[in-house]
Each structure stands twice: as structure tokens, then as C-alpha cells.
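Asks: Chain by chain, the residues:
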Amino acid sequence: MITRFFGKREWGLVAIAIALILCQVWMDMRIPQYMNTITDSFLLERLDVVSQCGIEMLLCAFISLGLAIVAGFVLSNLSASVGRNIRLAQFDRIRSFSLEDIDRFSTDSLITRSTNDVTQIQNFITRGMQVAIKSPIVAIWAVCMIAGTSMEWTSVTATGVIVLVVVMGVSVYYASKRYARVQWLTDNVNRATRENIDGIRVIRAYNAEDHQESKFEKATGDLLENNLSAIRIMTPGFPIAHAVMNFVTLGIYWVGMGVISSAGTQDAQLMLFSDMIVFTSYATMVISSFMQLFSIMRVMPRMLVGLRRIEEVVDTEPSIKDGPVDDQSGEGSIEFRDVSFRYPGAQRDALSGITLKVEPGTTLAIIGSTGSGKTTLVNLIARLYDATSGEVLVDGRDVREYTLHALHSRMGYVTQSATLFSGSVKMNVNYGHGSENRDDEDIAKALRVAKADSFVDDLPEKTESNISQHGRNLSGGQKQRISIARAICRSPRILILDDTFSALDFKTDLELRTALRREMSGSTVVIVAQRIGTIRDADRIVVLEGGRIVGIGTHDELMSGCETYRDMARSQFTGEMQ
Amino acid sequence: MTGDTPKGGKLAAGRKETHLVGGPRWSRWEKPRNFRESILTLMSYLGGYRWAIALGVALAMLGSMLSVIGPQYLKGISDLIYEGIAGTMDTGAVTSMAVATLGIYGIVLVFEMLEKYTIQATSQKVANRLRNDLSEKINRLPLNYYDNSSTGDIMSRLTNDADAVGDQCGSAFSSMATAVTTLVGCTVMMFYTNPVLAAACVIPPFSGFVIMRMIISRSHKYYRTQSKNLGAMNGLVEETYRAHGIVKTYGNYENCRRRFVEINEELYVSSYRSRFMSSTIPQVMNFMGNLGYILVCVVGSMLIIRGDITYGVIVAFIVYVRMFNLPLIMLSESFISMQTLAASSERIFDLLLAPEMDDESSKEPVTGEVHGDVEFRNVTFGYVEGVDVIHDFSMRVEAGQKIAIVGPTGAGKTTIINLLMRFYEVDSGDILIDGRSTKDMRRRDVHDMFSMVLQDPWLFNGTVRENLVFNRTCVDDETVRKACESVGIHNFIMSLPKGYDSMLKDSVGMSAGQRQQITIARAIIDNTPMIIFDEATSSLDTNTERFIQNAIDDLTHGKTTFIIAHRLQTIMDCDRIIVMDKGRIVETGTHEELLERGGFYAGLFNSQFTEGMDI
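Heads up: the sequence lines are chains A and B, in that order. The end of the first sequence is residue 578 by the working numbering, with every number in the run present. The end of the second sequence is residue 615 by the working numbering, with every number in the run present.
Next comes chain B alone, as it looks inside the complex:
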């Protein structure tokens, strides 16, 4: 893009790490974040999947209720055996009890399997939906969002954070349900079996719970620092590896390494702190389990000596204490999961709830033929509030005209195109196409009117053909071949191992010029009423450029065309040349008129002309 400072990408002093979060929500990182809010946001996002998770939770609860009954049978069995020691063993009664227990545990098994599958599959589906929604969100965000947030950071939300949600979003809820049901069930059964022993047994788990809560509330901040540091690491690594050639030839890897080590060190510290915090929770719970066991043994023995209970009660309680302890560990783990879940959801919903471009579904679609009259009316625009880069810009273009926009670097040429395409919205003034304000049109209708070729050719991972056809449908091979022939890339494509079906991987074997040729061919195939070339041929050598010129002439014939070019010889035959400087039009006219006037354009032109004079 030419010139200018994008909105929000304010040039500021110092080296603040601004790439962590983009846009207006940046400030929220400074404040303590709200755990509950982010979980609630996630819940409301779940939509239909809520029912699947609810089913999982219900199954979990049913399963744990049944397993709470189990120990009662164990108690019965051991009492029967204990009585058998004194007298005769009632084998039949023990066997029938054992069979009943077997049945109960069998049902528990089935429930648990169903629950696990439902929950995990649903979580994955939620993660999948998040990824897709985030990807769609990318398309609905205004462009200035990208001007000031790092690709690595957006990507990390789509992958790392969505993964975290996929791992944890269901299980965090279902293990909590299992845990709570088991806890309540156990408490009830224990008090039913023996209140005194039960009272002793509930002390350790609940004090454990309190300790756990304390640990968790302290650990949240470490988790945040941790994911912040991870983001910084991502940013640094991405920037460095992408600029490998430069970093290397400038011998700056030593410096990069220093910064890397710095961040790596911070990451190390925050990583072991957060990990340590969470590692203490299971240990405390294990201790509480031991404590429960000890209490059962000691208090139980005393009660037996007093003759209050049978040995079977101790047997049942040993199992209850263990059952009591397992869900507490689960609960603690699901709290840890909740932490990660909350931190990740925060980051995801920060992006997902970022302000979007205006909704346009109420606007009427543009129907009928597009003429191609374009008018700028007193357009003013700035990427940053208060710093206008386009001042009171007006121009009228008639249908079918070929317009060149020239001017020194930073004059605002690309900005004009950005506004025409409605990539950004004008601050004041209006842009009209066929007499109708583009504000009243849907963005997609505006886009449909134009083909656009940009200076940085964008190709994606796919075959050459896929890159050429892109999203057009019903394009036959003949059209594709013709377009490629006209831009002079056909022979090159045929020399590739699989011709048009060769895969284009990042940068492999294609020069910038060849990439530009492909994108021009793409525009030819696109075939729209109006065309924009933004430095579309800058990477081509002059021979190729001249060759393509014919193709461009054919393509632009009778269509309103906007051309931005530094090489003035490519635009001399334009119907009108708009000369811009510092966001204003300084001159307009045909090539000849402007030369005659001997103004700004003539200066620009002569600077190249003089050099070619004396061949």
C-alpha cells in the first residue's frame, strides 16, 4: 500500500510489544481479566452443542450416582464374610450380592463410555466450529485490524487456542459434573452409613478444596503471563525466520539470539511457575486422600471398639474416601482446564467479538449492467484519526476511460484505490459509481465491478490452474490457456513438471515477475466491468511488460480502468492522468497536456526521459 499510516498502527516511540493483541481491545490485557465472563461467553457460544454436552453431563451424573451405591454392596459382602468367620459362611448371599455389584459396575462402564465419547467428540466439533468462525471472522474484520496486529498472533488463536478449547471445553464440564455428583452422592451415602465417621471423612476433602481454590486464584496470572510470553515468542520467531536471508547477511542473528534468549528465559520462568502452581493441586489432593484413609482407619477402629459399627463400614468407607478423593482431583484438574479454557476463550473471543465491518444485508443488491462512471466527491480520509492522507479529493471518470494515477511515493495513490474498493470507509465526502453512492451498495457488489491486480502478487498453495481460476466457476481450459498466453506465462507453465496442474508452493521456483504474470492472468479470467492495476507490472522487465501491454489493452478495452504506475511509459496513452502529491490532486490531463504545462508531471517524466535521451 502506498504512503500513509494505517489507522491504529500509530507510529509510537519505543519498542512496545504491540503485536500481542490487535486493535481496540488491546487495553483489556492490562486489566485483570474476567474468568467467569469468558466461560459464560463460551457457554453462550456453544449453541446446539450445549445439548450434547448436557447429555454427556447427564450420563456422567447417572454413572457416578450408580458407582456411589457400589460400596454399600462391598460393605454387605465384607460383613457377611466377617460374620462367616465366627459362624458359617453364607455363600449364596455373598454370591448374589457380588453379581448385583457386577451388574451395577457394568452399567457404570457403559454410561462412562458413552459420556466420554459424547463429550470429547463434541469438544472437537466446537473447536472445529471455532476455527471456521474465526476464519470467517477474518473476512469480516475491517482491514485496519490487520494493519496493526501480527499474523502470528491471529494464527495462534486459530490453532493453539482453538486446540485448547477442543481439548478441554467438554471435559471441563463433564468432569465437574461427575465430581460434584460423586461428592454429593458419597456425602449422602456416608452420612446414611455412619454420621460420625462421615463427619470425620468430609473434613479433609473440603479443606483440600479451599486450599485448591487459593492456589488456582493465584495461578491465573501466571497462566496469562505464560500465554503472553508464548505470543511474544511466536512473533519473534516468525519475524526472524521469514527474514532469514536478511538477518543472516546482516549478521544480526547474534542480536536476534540475544532477544530470543531473553524471551526464552522469561518463558522459562513463567512456564515453570505456572506449571508448578498447577502441579501442587493433585499433590494436595493426594494428601487429603491419605488423610481421609487415616481418619477412616483410626476413627473407624475406635467406633468398632465401642461396638458402634461393623467392619464392613470401614470397608465401605475406604472405598468412599477414595471415591471422594478421585473427584476432588478431577475437580481440581477440571479447574485447571477451566483456567486454560478461560485464557484461550478470552483470546479467541477477543478476536471473534472485535468490531466488524458494517452489516450490509439490508442494502439492496446492485442489479443490471454496470456502466462504469466513477466519481469522487470531496473525499477526505485518514488512517489515523486527525491525520488526513487524502484531502478533499474530487474527480470524475467517465465509463470506459483509462485513468492513470501517478505521483511520488506516499502521495496516497493506493489509498484512493483502497477507498474506491471500500477496503476502508471515507471519513467525509462520497464515492459514486454510475451516480450511486458506494456507501449504499454492498461491498461485495462494489468488489464484483472490479478486477484488481496488486503489486505484491498473492498466490496460494494449490495448482497453477487453481491459482488462475481462483473462485470463478465454469472457466474452461481454453480461457485459462489464452489468458496465460496473452501475459506470456504459458510456456513457463508448460515447462513445469505437470503443466497447469503443478503445485505452487511458497516461493518455489517462481520469480516475482512470474508471480505477477499469474495474477494478471487471473484478472483477465475474472473479466469484470472495471479494472484496477496497482503497480501490477513493477516486477516485470520491460520486455515482458511491453508484451503484456497488449494483453492489458485488450483486457481494458471499453472498461473503466485505473492504473497506478511508476514507469510512466506504461501510462502515456491513458485518457487522463491524475497527478497526486501529499493526498491532493496537483494536475490532471493527458500526457501531452501535462508535458506542455511543464509542471509536476513534466518534472517526473523528464527525470526518466533525460536518461534515455542519448541512446
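For reference, chain A alone in the conformation it holds in the complex:
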């Protein structure tokens, strides 16, 4: 239910809106009633009564207008406020998600859920709430006003209402399935668009524009077809409702002829005649409130789908939760105790039986071929995933015991693909928790250590220069160096570098490592690499193969004791020795 996103304030707004609309309907309802008095009075030729009635009616109309405007304000505010609540609730939930949760929804879908779906709901509230509150009140009220007058007229109106309800029910029932698919199909279009933008170079290089377009046209074509069939079902609804309104008015007069002529006296006939005029006004009100209900029911299925998608997000329990311990101290030790990990739905373990210990201040290197589980291993340290079995300890405590904040505050994690944010260079380097305590000096130092100072100095505004979204205006190597500077700026006790040197040329790589060794001497460093040259002087090197540790030790130990490592070294160095 949408009401779960209502706080006190929103319920208050709803209450105010209902009260306002109730009063407004009361005013609107009074207006046709005067027609009885007026009809009586002009038969008596009492002009003064007519003008008296006129003034009172005007008064009602003005009060009704005032109330309606205020109600409109209240409902607009309600819709904006609910939208805000939903967005925030989603954001807060997604923020607690693990990478696995994000993968399950897919980022694109989460984005649509946070934007489009919310807008759907907001539209529904502004347009729908007014109607949803007002129409039933009008309908019930009007029925009460006319119920006692004449069975015949009431049954004409009732027939009209029944026809309307049936038509509405049937078309909404059949169309809702199609409306439900709209969002899903829209997601497909979104994904196809993103694909085309992300792969634009490859697409152009392959002259695959037409190929991609035909795929895209398939996605949009499906969407179109679905929408058309929904339209086919829904179009008759409104014209029929309109016709019912006309037919009911006509019916009342037609039936009225019999009703009136069967009345005894001429006075009674005249009474009935003016009743008939008033009755048509009310009948029209009843039918048009049903029409308005119908019009919001058309948008309802889409809104409900959006709501369900939002609820899916908000109701997802994050697979990784904070532990109770907020202890941020520690020297930076890491330990794996018989850790295995399997990605959800995967056939085999990505890591199995990993046991290893890293002393504070030492450097651990992880090496292994593509797909051997190197990144997975460091992700477990940062608790981006939880081990399937066994335990990972940081500073002597299972990572699951810490609050994520406490765990992460000691880490500087540099991912394989450098991720930058739109904003200044400074903001990107001085990023995240703890940035409050860093000054320009720290930033300059971090850039220096990361060997990013030279190109940043060449930028027109130095550290204040703007980085565009996804760091598009920087090269791969520049991005990577900024992301390394970001980790260094935190002066982390544990620095994790996940294959961060691949976009760097050897010279920069070497300089950077030398600087790191000098500046980060007190920190534990976990470094994932592919080049043995990069890691050969690490305190300990772990060789991974197929998710298992096949060798562990120093470079020299591994050279003599680990065949995999020796092969790797041979293949790398013979190339260079030629």
C-alpha cells in the first residue's frame, strides 16, 4: 500500500484534504437545490426570492472555489511530499544494499525505480486523490438527495451506473495486464539505449549502427504493440461513459413524461417537474463522478506496478548487515579462516578453503590468472560480499561483527576499474568519511604519492578542475591515479589495490609503487596484480588458481617451491629477456 510512505504530516494532509473536499461538495450540492425554490417562486412571480436565491448560490460557489483551491494545494503538497518520502526511503535502502543485492536488481532498474516509478505515483496522487476522495462523496451524497423522489428516475440512473461500472470493470481488468507490462518493456528500451551509448565506439568501429538500431526497434516495437493493445481495450470506456451521461438525462425526461402525467393534481405535476430538473443535475453529478473514477482507474495499474517495484526495493533485506561493533581502532591485520565463497546461482565456488594471515604493516600480494578469484578475495575483506563459509577477520574480529562504517573507515579500496564522480578533482580525492579532517596539504600529498600531481597541475584549475560524469574527460591512467590518490588521502590502515596498475605504463607504475612503499610504510597493503614485477618485493605473495591457494610465500620461496608461480614468472620474464 502506498500509505506506508505516509508519515504523520502526510496523514494530516489527507485529513485536511478530506475535510476540505467534504465541505466543498456540501457547497456544490446546495446549488442545484435552490432550483426548487426558484421554480416555486417564479410561478408566484416573486423576483425578490429569485435574487435572494441567486446571492446565496453565488456565496456557495465562492466558498466552494476557495475550499477547492486550498484542497488542491494540500494535495499537491501531499503528492510532492510522498514522492520525497519514497525517494528517500528507496535511497536509504539501496545504500544499505550489498553489491549482490544491486546486481540482482540491476543498476538500470534501480534508477528507473527511483525516478520514473516515483513520478508515476506522484501523478496518481495529484490527479487521483482529488477524484478518489471527491467522487465517492459526491456520488453517495447525490444518491441520498434524489433517492426519495421517484423510483423510476432512480432506476434510470441506476441502470446508467451499472452499465458504466461493467464497462469500466471489464476494460480495466483486461488492460491492467498490459499496463503492467509497460514498465518491463520500458526497462528493455532503457537497457538498449544504455548499451548503445556505452558501446558507441565499438558500434561505430564495427559499422553496427544498423544492427543496433534493429535491436532497438525491436524493443520499442514491443512497447508500441503492447501500448496499442491496451489502448484498444481502454478507448471505448470514456465515450461510453459520456454516452451514458447523455442517455440518462434523456431517459429521465422520457420517463419523467409518464411520471408527471400520472400525478394527480396540476400542482403535484409542477412539483414533479421542478424535481425532474433538479434530479437531472444530481444524476449528472453521480455519473460524472463515476467517469472521473474511471479516468483514474486507467492510470491506476501503471501506478500499482510502479508501487510494487518500489516496494520490492524497500522490502529487500540487505544481504549484508551492520554488526554491533563500532570499534574503529586496530593495526590492520587480516585473516582468512577456511573461507569459501560462491556467487549466487553459480555452479562452483569462486574461492575455496582460503586460509591466510596478514600481519599489520606488511604487504600481501595476490597473483593468479584471469578468473582465479583475486578480486573476490579482496571484496571479502571489504565485506562487499559475505563468505559462504569460514570467516574473514580484520583486526582480530570477524568482519561481520563490525558496523560497515567501522570496518570501512580503516580501509582504502581501489577498484579495478577506476570510478570517479562528477565534481572537482579535490572532491574526488578527498572523498568519503573522514574528509572533514583533511586539508589541501593532505590532498596535495595524496596526489603526489599517486603520481597524479603532474597532470593535475596541468589542468586549467588545478585541483578545482571539474571532472565530468564517469570521469569522461580523463584518460584511463589518469582516472586510476586519482582513484589511488583517493585511497591514500584516507591514510588507511589497510590499503587494497585491485589490479590498479594495468592502465599505467611501466615507468609510472614503478614510480608509483616506490612512492607507495615510502609513504604507506605503516599500512597493511593488499595488492592484486598480474605482473610479477609489480609485486615481487611483497612480504608475502599468494598464488591463486581456480579459487584455491596453490602457493604462498616470498618471491624467492615461490620461485623454488611453486610451479604455477615459476611458470608465470618464466613466461613474463622470458618475454622481457629476449
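No wet-lab data here; the hints were simulated from the structure. No experiment lies behind these values; they were computed from the predicted model shown. Any given hint might turn out to be false.
In silico EDC-like links for lysine to aspartate or glutamate, alpha-carbon gap of 16 angstroms or less [unchecked claim]: (1) 559(B) with 254(B); (2) 125(B) with 222(A); (3) 582(B) with 457(A); (4) 215(A) with 369(B); (5) 137(B) with 213(A); (6) 125(B) with 217(A).
These stretches of chain B come out as covered by chain A in the derived footprint (C-beta under 8 angstroms, 3 or more residues) [as the list claims (entries may be wrong)]: (7) 83-96; (8) 262-275.
Heads up, the beta-carbon is just placed ideally off N, CA and C, and yes, glycines get one too.
Since the structure of chain A is already known, use the hints to place chain B on it.
Replies: What follows is chain B alone, placed relative to chain A:
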């Protein structure tokens, strides 16, 4: 891409929200936008659909003309009944009138149904065409457009804005037609029935109309702020969710949340303002409807007392006033739709009319065999005007040569490739293939000459096979399997649940290295005369890389090949190594020559060599 600042993506101080609109049209957001212009642009875009909408509009007009006649019959019926009260009821006359009315309303029903279907279906088709055109436009925009506009923003135009057009583009016109016809028809019929009463009745709707216009002209700016804020929200959410791992481990969600709340708050304000503005319009119209009813009752009664009119006139007028009021609400709603429509069209046509790459249909297609001689002649280029990243670059490559381009990060290596592929156009100088300037060739012919493997492997949602074959036709399974075997990914693919028919979803279960292997296999299948590897093996471990080297050797045999690599051991056997620094060639030669020279390259090489020395 290596080095360099893309054109337009100027590095500027501060945190200006540049991702809202890309490229040169950015400034237009600052000025008040033109409502009429964007509607006119949309109209001219409609093309053939204009006729369908015109049909819908015609049906709408016919339907409303007929419904204007209805009340005349109601008047007749009630007059007959009223007269019947005094004397005898003329049942026959009432019945025949009622049947006629029934007929009229029946025809109205049919017209309305046809109109609604035509209009809504057409709108959806227009939205569909817009989506497809936008998607094609994406392919015709120069690459620098993307260097400085956010994906989220482009996407929002393709989805949100196209949706808005789909919802509103037809109905905005047809409801306006219905409204106008009904208004005119009603006015005529009312004045025909009784001029005095009619004069009284037209006052409220028209004053309502004036008030409505005032509200609308004020609300446009709120709508613009609203869609601007939505764009900002989109941008933030996209950036944050995509970098979830980083934002989380750096504990920056607190900061992000602050910004989120800020934007959310702005969105809240602009949202309730714009919504409130538009919500007042129906209320004012409802009031005017009430006012009309009151005037009919009061003025009508006075006229009856004076003996000027019959009771039936009041009956007819009650219906007319309601009819008068409904189209005014419709008109007001279609004005709101027009607002959204205009705002969305503005955003759509901003993109759709953005300057494209030059049209090349007049250029002659390249026919015959491609040799593969490549020459750069004094090429100068900068992404930003006045900041050259390639200076007077010249080189000659003979057919079949294997050329490596090396140099420190930011030297301009990828830029050279971008220019060779004509992703960007050179500022001065020329690039020739087989002695012919690439400027004189069609871009697609240039692209056809090259296979290209990039550092960031791009895979799309589809099966493994679809990703491998991509847009090539007539590729048999044998070729695909061989290509995969040669890059060492075949076994991995076979271990997937459905082998080559497994679906690749975003990032699921594939390492960066495996993705690179797939893209290399794709290039092998592509089989073109020339090949470009831009850091194509950077995510591979050395074992795999060596393994692939054989496949690459086979692939590049006899073909002109350009290789950019950081790992120098992969390029030692190249025929020529071009060493670049700061946009210039500093050295060229074979590996041995360059080492002997003891220059820049030797320095680069030794920095890795020394480390491997003492195994």
C-alpha cells in the same frame, strides 16, 4: 581514451551541474524557452501522422457539433412535458423526439470512439518514432557530444520525454478541437435559443479562460525547474548507484545522502509548486461552471417571469452551461498537456537537432581491395579549441606492417587511433589510407577497414554467441568456436549453463579479462584488412596474454596493425615502434634500434626490465 581533454568537456572550476544538457545548446536553458516554437517543431516533425491526427481532430469536431444539437431536443421534450401539465401530454411527439435524440447521441458515441482510438494510437506511434529517431541520432552525433553529457540525461529524453509525448501529443490537439468546436457550437446555439440568457452565460467561461491563461503563463517556469531538478536527481542517483562499492567502502553515503536530500528537497518544492499551479485550473473552471448554472437559474427565472422564454430554454441552457464548462476544463487540461508536451519536445528536439557529423552520402564508396598503407601528414588536433593534444604528427605505415604506439599515460596514443578511425576530425593535416585522404572516404568505409579492440570491453545484453558474432552475417558456429579457442575462452563458455547460448547480463560472473577475451574473439571473427588493439590485453594475466599472442599473430599476419600497449614485451616484435610523448613522436624504430639508442624508449623499457632481471 588516453590523455587529453575532450572538446566541450572543458575542465572548469566549481561544481556546475553540467550534465543536464550536453554540448552547444546548453546556453539555451538559461534563456526563457519558446513554447510556440517547440510545439511548431513537433508539428512539423509529425509528418504523415499529421493526417491521422487531423482525422482524429475532424472526428472530434463532428462529434461535438452533433452533441451541441442534443440540448435543443431536450428543450423540446421538456417544453412538451410542461405544456402537457396544463393540458394533455403529447406522448407521440415526446417519444419521436426522444428517439431522434437517442440517434444523435448514438452517432456521437461512435465518432468519439473512433476519434479516441485514432488519436491515442497515433500518439503512441509518434512516441515510438521519436524513440527510434533519437536512437538513430545517437549514432549520428559526433563523439564529443558524449564526452560532456550524461548518459542519464540522454536516456531520460528517450524514455521520460518520449513517454510524455506519447501520452499527450495527439490528445492535446484533439481535446483542443473538441473544446473549440463545442464552445463555438454552444455559443451559436445559445444565442440562437435566447440571446439575453446566452450573453449572461458566456461571461463566466471566458473570464475563466483569461484566469487560466494567466495561471499557465506563470506555471511554465515551475515546470522547467521541475524537469531540471528531475534531471539532476537522475544524474545523482545514476552516478551513486553505479559506484555503489566505492561510495560504500569510502563511507560516503552520508555525503551522498546530504546531496540527495538537498536535491530531493528542491524537487519537492518545485514539484508541489508546479502541481499546485496546474491543480487550480480545474477548480477555477468548476467554479465558472457553477457560476454559469446560477446565472441560468436566476436570469432564466427572471426571463420566465417576464414571459420571454419557456421552461425548456432553462433545461437546454443547464445542459449548455455544463457542455460549455466541460470543454473549458478540457481546454485547460490540454493546455497543461501542451506545457508538458512543449517542455518534453524542447528537450527531445534539443537532442534531435544537435549538430551531427557531416553528411557523407555524396562521397564515393571505397571499392576494391584495401592495401593497408596508412599515412599521417602533419596532423594537429585538440579536443578543446586552442589546446592541441597532437602536434604536427606525421608517420608512414606500409601495408602489412605491425606498428606499436607506446608512451606515457596522456601522450595522445588513443587520440591517434580516434583520428585514424575518424571518431574525431583532424584540425589540420591529413590522414591517408592507400594514398587516399580519409576525409574523402565515408566514415563507414574507414570503419570497415579496421577491427578494433578497446581497453574497456563492451558486451551487451544477449547471448555469448550474439556478442561474438555481433553484426556480422553468415558466421558459422565453427568460426565462432575456433576464434574462442584461439583466445582461450572456449572452455569457459562451455562451462556456462547453456554454452554459447548463455545470456550475458551486466557483469554477472565474468571478469574483466574474460570480457576482453570475448572482444578479441569478436575482432577475430570480424576479419578486416587492418587491426587496432588499444590496450586490448591489459586486463589479462600474462599467461593468458601469451596464449592469446599466438591468436593475435595469426590474426594480424599480413595486415596493417596498430597496437597500443603498456606492457612492452607484447610489442617487441613489432615492425616499428612509435614512441610518443605529449602529442609528438619522440622516437621511432624497431625494439632493438630504440634500445640501442638509449633514449626515451630504453628508459621506459628498462624500468620494467630491471625488475625482472634477477630471477
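Asks: Run the structure past the numbered hints and jot down the numbers of the failing ones, going up.
Replies: Of the numbered hints given earlier, those the structure breaks are 1 and 4, listed in rising order.
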